[in-house]
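*Asks:* Chains as they are written, first to last, in our numbering: chain A, -4 to 250; chain B, 228 to 381.
Since the hints were made in silico from the structure, they are not lab data.
It is possible that some hints are incorrect.
If you only want the chain A side, here are some residues facing chain B, beta carbon under 7 Å, derived [stated by the list, open to error]:
#: 1; residue: H64
#: 2; residue: K67
#: 3; residue: N68
#: 4; residue: L70
#: 5; residue: S75
#: 6; residue: L79
#: 7; residue: N101
#: 8; residue: A104
#: 9; residue: R108
#: 10; residue: L110
#: 11; residue: T130
#: 12; residue: D131
#: 13; residue: S133
#: 14; residue: Q134
#: 15; residue: S135
Note that CB positions come from ideal geometry on N, CA and C, so glycine has one too.
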Amino acid sequence: MEPGCPPQGSQGPEDDEEGMSKGDPPDPDDGLVRLPEPAASGSADIARYAQELEAALRQRTALLHEIDHRVKNNLQLISSLLVLQCRRIENPEARAPLRSMLERVNAVATVHRRLFKSTDPERFDVAEFARDLVTDLSQSLGREGVAVRLDLQAVNAPANHAAALALILNELVVNALKHGFPDGRAGAVTVTVRPHGETLEIEVLDNGVGGLEAQPAFGLTIVKMLSQQVRGQGEVQDAQPGRRVIVRVPVAETE
Amino acid sequence: MILDQPLNVLIVEDEMLLAVELSFLVQEAGLRDVGHAMSSEEAVRLARALTPDLALVDVHLNDGPTGVEAARLIAEDCGGVVLFMTANVMRLPDDFAGACGVIGKPYSENAVKRALAYLECCLRNDHAPGPPPLGLILSPAFRLRWGGGVELAG
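With the rest of the complex left out, here is chain A:
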């Protein structure tokens, strides 16, 4: 392989190089991985470079874990700040918008808790995420007499759409639970996640009071903006009774 370097002679050049390197130590902090000089690539050098590569990889992995850890902690901190401020506001009407913001932050936090669990960091399963988010929402917002049903099929979406999809799903479910069943009305909310060709379909169906005007403006605006961002399309139908909202988002691998 290396015509200028016969096997028997490999010990010599290595000794020489070690001798030289004493005066000129490698800089481990520059983050660069140096490839072996062709003439010096004996088996000892290859082993040493393999070690260096492994060390560099370990360092990068540790850095990634550290960043992941900080992002999760900071999301927790933002959530706790909102919770603590909510606790100080006695007027329920004044508290409501802050609670809504807390729900949105929690939706993004749920995404982050899930993201690093998946084997492919570029993709995430919308169904698994929807199970976490909707269960949490129905436990914190739901009430007796309003059932929350899940009909979930695995759909892999690009991870860079995760936060947008989380917020869309959050708004749709929160809206159905908060506004679909006033005055103790009973009923059900069904959340469906399913693939349709190379499209993800998220459907939130309720058999509540229906009526489009009941939709709170900011929540609807969020759904519209984020659907646009992920090149999705939303559709609102009168479910007689109640309302059906479907958001379709392209999720092909090339996205």
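Chain A is already provided as a structure; the job is to place chain B on it using the hints.
*Replies:* Then chain B, alone, in the frame of chain A:
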């Protein structure tokens, strides 16, 4: 643990805001917040002095990633049950350092409330009332101890 008394809970968390929020949640769950620690040394000292029934322990404390060893000491020396609350779920040892389980950060208020109610039930009856609520992962040892033959959902 005294049966008709609230369970005593020690909070080991170096983020003050999170500790304060946890304190509210502990009290709302009908448990008694007996103390806060921000370092592993303080955690072990308070656990020895207060013998809490439950210690909520973060892995990263203000003296470094020392929560795991603190948890091991609390579980072994003080008879208390430890629950980890950490963003580093994947890096816990396989035996959970003797802890009963973990809640991953970022957690929701609802998830912590449910977990505390569930753990109170487990601690009082030494048996789980069913599968753990969403967000709470039990350690293998405690799944065995509390779960019996029940298939517990992850």
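*Asks:* Now tell me if each hint is right for this structure.
*Replies:* How the hints compare with the structure:
{"no.": "1", "hint": "H64", "verdict": "holds, 5 Å"}
{"no.": "2", "hint": "K67", "verdict": "holds, 4 Å"}
{"no.": "3", "hint": "N68", "verdict": "holds, 5 Å"}
{"no.": "4", "hint": "L70", "verdict": "holds, 4 Å"}
{"no.": "5", "hint": "S75", "verdict": "holds, 4 Å"}
{"no.": "6", "hint": "L79", "verdict": "holds, 6 Å"}
{"no.": "7", "hint": "N101", "verdict": "holds, 5 Å"}
{"no.": "8", "hint": "A104", "verdict": "holds, 4 Å"}
{"no.": "9", "hint": "R108", "verdict": "holds, 5 Å"}
{"no.": "10", "hint": "L110", "verdict": "violated, 12 Å"}
{"no.": "11", "hint": "T130", "verdict": "holds, 5 Å"}
{"no.": "12", "hint": "D131", "verdict": "holds, 5 Å"}
{"no.": "13", "hint": "S133", "verdict": "violated, 10 Å"}
{"no.": "14", "hint": "Q134", "verdict": "holds, 5 Å"}
{"no.": "15", "hint": "S135", "verdict": "holds, 4 Å"}
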